[in-house]
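**Q** Sequence:
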Amino acid sequence: MADRRKPTGNSIQESSQETERQFMDKYNVNGMLKDVLTKLIANRPDDPIRFIANYFEAIALDDQPEDIVNRALQVLSLTHYSRPVFETNVISAFDILSKFKISKKLHGVNGVVHTQLLKALCKNMPPAVQVKLFKKIECSEHEAVPFTIFRSTIFTCCVLTDFISMAGNLFFTLDVQKTGNADKNLCTSTLDQLKTALSSSKKDVKRIMESSYNLGPDNLYKVLDKAMSKNASQSGLYNHDEFIMDACEIFLSKVSLFLKRAF
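For what it's worth, the UniProt record's numbering labels the leading residue of the sequence shown as 1, then goes sequentially.
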């Protein structure tokens, strides 16, 4: 009888390596790792570990409507809208929503999933602001949403979210006594300056936010100093919610003009 050859250490190692390689290929592990590292470098998040965890959580989601929306939302949450790579993330989010099943043979982005995504992006906005915003940007349920409109509405929601935060911080600065109310003269003067800053005719919605930086400290100081010199007893008071709503009204008046051009 021919002697049976015992497997050498090298052959066992080669077989083991081949099995591991097949396992990795079977589940596209290498592809996913390469993709997440590429996205990690492109987005450069403040918390890389959370970024990686969110990436794999999104992959694990199914193609149900709510999961598709959550996956698109996670992609949009990877980085701030001011970073160039956010444009790529918007495209990826649109591609994800394009898998939404409208009928047996039709997939795409319609008003249903589009609105669900926008509501998820705007969940921290005051309800009254959301209502006014959606009157301007919401598409009907059966309406096909092209990428240009999708991009415009996504940026609008992201910019408005930051705008509300900045307006809130501004109000707390005006609330000198920290009572939850601020002098009406100060508030109206500040809102007038904000309205002037947002009067830019720039077409890109991101420029709307940039134009607000015309509220420079020197100029604003002069305006507020003049407002303080007025008779405060006849001024009245503004509360936080009133100030935010009036600030958002100024912002939304500009957004409506922009979206008409986008359509």
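Take the hints with a grain of salt, since some may be wrong.
As the list claims (entries may be wrong) - In silico DSS-like links for lysine-lysine, alpha-carbon gap of 27 Å or less:
| no. | residue 1 | residue 2 |
| --- | --- | --- |
| 1 | 195 | 184 |
| 2 | 123 | 254 |
| 3 | 39 | 99 |
| 4 | 178 | 135 |
| 5 | 136 | 254 |
| 6 | 254 | 135 |
| 7 | 119 | 135 |
| 8 | 135 | 123 |
| 9 | 132 | 195 |
| 10 | 34 | 99 |
| 11 | 132 | 39 |
| 12 | 123 | 136 |
| 13 | 99 | 26 |
| 14 | 254 | 195 |
| 15 | 34 | 123 |
| 16 | 136 | 195 |
| 17 | 178 | 195 |
| 18 | 195 | 135 |
| 19 | 99 | 123 |
| 20 | 26 | 39 |
| 21 | 119 | 39 |
| 22 | 99 | 119 |
| 23 | 132 | 184 |
| 24 | 119 | 254 |
| 25 | 132 | 119 |
| 26 | 184 | 254 |
| 27 | 119 | 136 |
| 28 | 39 | 135 |
Just so you know, these hints were derived from the structure itself, not from any lab.
**Q** Hey, residue 99 versus residue 119, does the alpha-carbon distance stay inside 27 Å?
**A** Answer holds: residue 99 to residue 119 is near 19 Å, not above 27 Å.
**Q** Within 27 Å, alpha carbon to alpha carbon, are residue 195 and residue 135?
**A** Given that 27 Å is the threshold and the Cα spacing comes to 21 Å, the pair holds.
**Q** So if I understand the rule, the pair passes when the alpha-carbon distance is 27 Å or less; does residue 34 with residue 123 pass?
**A** Violated, because 33 Å separates the two Cα atoms, which is more than 27 Å.
**Q** For the pair we were handed, residue 132 and residue 119, check the Cα-Cα distance against 27 Å.
**A** holds (13 Å)
**Q** Please verify whether residue 178 and residue 195 have alpha carbons no more than 27 Å apart.
**A** holds (25 Å)
**Q** Hey, residue 123 versus residue 136, does the alpha-carbon distance stay inside 27 Å?
**A** holds (17 Å)
**Q** Is the straight-line distance between the alpha-carbon of residue 184 and that of residue 254 27 Å or less?
**A** holds (24 Å)
**Q** For the pair we were handed, residue 132 and residue 184, check the Cα-Cα distance against 27 Å.
**A** holds (24 Å)
**Q** Holds or violated: are the alpha carbons of residue 195 and residue 184 at most 27 Å from each other?
**A** Between residue 195 and residue 184 the Cα gap is close to 16 Å, so the pair holds against 27 Å.
**Q** Is residue 136 close enough to residue 195, meaning Cα to Cα at most 27 Å?
**A** holds (19 Å)
**Q** Take a quick look at whether residue 39 and residue 99 sit within 27 Å of each other, Cα to Cα.
**A** holds (21 Å)
**Q** CA of residue 132 to CA of residue 39, is that 27 Å or under?
**A** violated (35 Å)
The structure is inconsistent with the numbered hints 4, 11, 15 and 28, although it conforms to all the rest.
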